[in-house]
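Required output: the full structure, derived from the provided sequences and hints.
This is what each chain is made of:
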Amino acid sequence: MTADILNEAEITTRVRSVIRRHARLPIDVDELADDADLFQAGMTSHASVSVMLALEEEFDLEFPDSMLTRRMFESIASITSAVGTVTEAGA
Amino acid sequence: MQTEAAIDVDHDTFLKDLIAEGLLIPSGTAGVYGTNSVFEKVRLAVDDAATSLADPREAERLRFPPVLPRRHLETSGYLRSFPHLLGSVFAFDGSERDAVEQEARASEHGDWSEFQRMTDLVLLPAACYPVYPAIAERGPLPPGGITVETGGACVFRSEPSEDPARLQSFHMHEHVRIGEPEAVKAWREQWSHRALAFLTDLRLEVFLQPASDPFFGRSGRMLASSQLQQELKLEIVTPISADEPTAIASLNYHQDHFATRFGLVTSEGEMAHTACVGFGEERIVLALLRTHGFDPATWPIEVRGRLWGEA
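Here the protein sequences line up with chains A and B, keeping their order. All letters in the first sequence, in the order written, are residues 1 to 91 by the numbering used here. All letters in the second sequence, in the order written, are residues 1001 to 1311 by the numbering used here.
Just so you know, these hints were derived from the structure itself, not from any lab. Please note: incorrect hints may appear among the correct ones.
What the hints assert, rightly or not - Pair ranges (Cβ atoms, derived):
hint, chain 1, residue 1, chain 2, residue 2, range
1, A, A77, B, M1271, 28 to 34 Å
2, B, P1069, A, P26, 49 to 55 Å
3, B, F1207, A, A77, 36 to 42 Å
4, A, E8, B, P1210, 32 to 38 Å
5, A, E8, B, D1012, 50 to 56 Å
6, A, A33, B, H1193, 37 to 43 Å
7, A, D37, B, K1185, 19 to 25 Å
8, B, R1218, A, D34, 24 to 30 Å
9, B, V1032, A, A33, 50 to 56 Å
10, B, D1243, A, D28, 56 to 62 Å
All of these numbers come straight from a predicted model, not from anything done at the bench. Note that the Cβ used here is the ideal one computed from N, Cα and C, for glycine as well.
Below, the structure is given as structure tokens:
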């Protein structure tokens, strides 16, 4: 992994952009706080898979199997933290 | 729970014994067996008993063939979750010359796939799949929704295994509920008790536990995690032949997955929810044979009574 270490604000912005394009939410992602539950906001399990695959492309990374859980993808904050962990580990 | 005739749990031994007794007839392909009249007599009794679990006034009895129109399969989303398990039906498409060449290659067990073309059919992957489009075709549901019983439908899963409890072609018997979300949730709860009581009546050592489907790939891990966390799938398991207990029944709450795909709406015009309860008939027979021995005439009287009404 050759990705630069990204700062959290930058990751959050790009995560929000991926969610806007792939989570198929019935509301605008800007209405959601970083810690809002995306599944309660209307993201389906299948949409969460699309988000996962899009994040891997966006950040050029591969989440380890242990991180492929519903909990890891339940909020913008938890996704940002997961992306941060993986990019840092691989940098 | 073990009787004198109980069988070793190791599946190699169990499989060898089943074959030696003539209960299973190997085909040369893993997970595909013929059965003898003893096995079939038990399976049909399990099938009847599973039908009788629902009052005919409560459930509509519908029967479907072991093939499904490909269009329904495509609509269902099955290929997204289980692309590795589906069997598709192909048939000859070619000239007379092609037919000769096809036969020449086939007679030497060579590759004759180039003369085959996908048809409009796939093999039925689960008993409930034809139910959703059939009910959706009727228009909005009646108030309170609907319950359908499918009988033991012949289904296919492309997963060759030496474990006799993991067949590629087997009978799945389902009860399907389509209705308002709260009614569907309550129905599954009620059926978890009903199914457990039935299998306990058969003197099987059973446990109810949350489970996940064998979704495909890395994205499948995510789906499985979601399913487990929300307890959308419950399984009734019992020891058969593998190290881990095997599921002989499952209770699945699909939320609005099938309803949105097939357009199932309640009498109020809201999106319906669906759930199903499935019994693996061969697995139940195998569990009975393992637990009570290979001769049903020697099984506990309560078990024979439950299956054949013997007093």
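Each hint, compared with the structure:
Checked against the hint of 28 to 34 Å, the pair A77/A and M1271/B passes, with Cβ atoms roughly 30 Å apart. Taking 49 to 55 Å as the suggested C-beta distance range, the pair P1069/B and P26/A does not conform, at roughly 31 Å. Against the hinted window of 36 to 42 Å, the Cβ-Cβ separation of F1207/B and A77/A comes to about 37 Å, which satisfies the hint. Between E8/A and P1210/B, the C-beta spacing of about 35 Å keeps the proposed range 32 to 38 Å intact.
For the pair E8/A and D1012/B, the supplied restraint of 50 to 56 Å holds, since their beta-carbon distance comes to about 54 Å. The supplied range of 37 to 43 Å is met by A33/A and H1193/B, whose beta-carbon atoms lie about 41 Å from each other. At roughly 20 Å, the beta carbons of D37/A and K1185/B sit within the given window of 19 to 25 Å. Checking the proposed 24 to 30 Å range against R1218/B and D34/A shows it holds: the Cβ atoms sit about 25 Å from each other.
Separated by about 54 Å at the C-beta atoms, V1032/B and A33/A satisfy the suggested range of 50 to 56 Å. Checked against the hint of 56 to 62 Å, the pair D1243/B and D28/A fails, with Cβ atoms roughly 50 Å apart.
The structure fails to meet hints 2, 10 from the earlier list, while all remaining hints are met.
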